[in-house]
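All chains should be modelled from the sequences, with the hints used to inform the complete structure.
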Amino acid sequence: MKQFAYARPADREEAVAMVSGSPGARYLAGGTNLVDLMRLGVAGPDLLVDVSALLPSGVQEQPDRGLLIGAGTPNSDLAADERIRRDHPVLSQALLAGASGQLRNMATVGGNLLQRTRCVYFTDVTKPCNKREAGSGCPARTGAHRDLAVLGASEACIATHPSDMAVALAALDARVHVSGSDGDRVLALDDFYRLPGEDPSRDTTLKHGDLVTAVEIPLASALTRRSAYRKARDRASYAFALGSVAVALEVSGTTVRDVRIAFGSLAHRPWRARTAEDALRGAPATADAFSAAVEVELGAAAPLPDNAFKVPLARNLAVSVLSALLEEAPR
Numbered sequence: 010m011k012q013f014a015y016a017r018p019a020d021r022e023e024a025v026a027m028v029s030g031s032p033g034a035r036y037l038a039g040g041t042n043l044v045d046l047m048r049l050g051v052a053g054p055d056l057l058v059d060v061s062a063l064l065p066s067g068v069q070e071q072p073d074r075g076l077l078i079g080a081g082t083p084n085s086d087l088a089a090d091e092r093i094r095r096d097h098p099v100l101s102q103a104l105l106a107g108a109s110g111q112l113r114n115m116a117t118v119g120g121n122l123l124q125r126t127r128c129v130y131f132t133d134v135t136k137p138c139n140k141r142e143a144g145s146g147c148p149a150r151t152g153a154h155r156d157l158a159v160l161g162a163s164e165a166c167i168a169t170h171p172s173d174m175a176v177a178l179a180a181l182d183a184r185v186h187v188s189g190s191d192g193d194r195v196l197a198l199d200d201f202y203r204l205p206g207e208d209p210s211r212d213t214t215l216k217h218g219d220l221v222t223a224v225e226i227p228l229a230s231a232l233t234r235r236s237a238y239r240k241a242r243d244r245a246s247y248a249f250a251l252g253s254v255a256v257a258l259e260v261s262g263t264t265v266r267d268v269r270i271a272f273g274s275l276a277h278r279p280w281r282a283r284t285a286e287d288a289l290r291g292a293p294a295t296a297d298a299f300s301a302a303v304e305v306e307l308g309a310a311a312p313l314p315d316n317a318f319k320v321p322l323a324r325n326l327a328v329s330v331l332s333a334l335l336e337e338a339p340r
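If you're matching positions, the sequence shown starts at 10 in our numbering and goes up one per residue.
Everything labelled a hint here was simulated from the structure, so no lab data went into it.
Among these hints, one or two may not hold up.
[Stated by the list, open to error] Restricting the straight-line Cα-Cα distance to at most 30 Å, the calculated cross-link-like pairs of lysine-lysine (DSSO-like) are:
id, residue 1, residue 2
1, K11, K136
2, K11, K216
3, K216, K136
[Unchecked claim] Beta-carbon label-pair distances, calculated as ranges:
id, residue 1, residue 2, range
4, S230, G146, 45 to 55 Å
5, E23, R242, 33 to 43 Å
6, D297, R21, 43 to 53 Å
Built from N, CA and C at the ideal position, the CB exists for glycine as well.
See the structure below:
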């Protein structure tokens, strides 16, 4: 591991100034992803700025606005929070599916959002990778790509975002609070993550020195209370998803009143299935309608030979979860 300096600033303003002013500086909180990347030689910061004691932790109720989750909240605490389990079960389920208990105890909400890809070419510094070194190539396209993207990819990168939590937050219309050298701002999750395009080195729209401070979830509703997360993986124990889906469903009689669908492990970012959602609102609440709508959404997929299975997998996951939530709906 490359040698580095370590600092514990007195407050967030000092932390932001330290990282913004040093291109080789990185924030450190739980470190469950960053430290791994440092050990592999993928990340080599000159300075680690410890913000673990500076980030807000816990879940706060905001009157008429929903819940504010501190970026320093351990994943285990968020998954166990009674309000999350009752009003946003999709989020609790995603967190519990996302990692072992030991990792959930260490990992923070802010760090979870900022996980880097687990593509084997990105984490192996002996291989070329456009995400690590621009212009070096994407050998995954003709190599090991079974786990990689089928939606929103580019010639430069077919990596997927590994977070389970972020998929649930996408379905909940979450917003991310950020502090930076230009002040504080709030980003919709759609504006927080980005697709690879010609520059896959950046997973988010954050500037260097920007610090995630909190995540905001809108007010709970009948829609969010009937929500669920399902993940397909190679083994029952802790593993990254081959495909996952976060769904919230509200029906009125036999008609879909509102719906949210977000896919994980299909793209460089959580994939909000807005085309499918638009097709389903006002449509019959039936398995056939669910399948037809999701099929249209996945029509944009461009799989490679070894990950083509992800398209029917994602469709079956979504239809299965939608159908299960329909069965739970009051008649």
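Consistency of the hints with the structure:
{"no.": "1", "hint": "K11 / K136", "result": "holds, 19 Å"}
{"no.": "2", "hint": "K11 / K216", "result": "holds, 24 Å"}
{"no.": "3", "hint": "K216 / K136", "result": "holds, 27 Å"}
{"no.": "4", "hint": "S230 / G146: 45 to 55 Å", "result": "holds, 46 Å"}
{"no.": "5", "hint": "E23 / R242: 33 to 43 Å", "result": "holds, 41 Å"}
{"no.": "6", "hint": "D297 / R21: 43 to 53 Å", "result": "holds, 51 Å"}
Hint compliance for this structure: no hint is broken.
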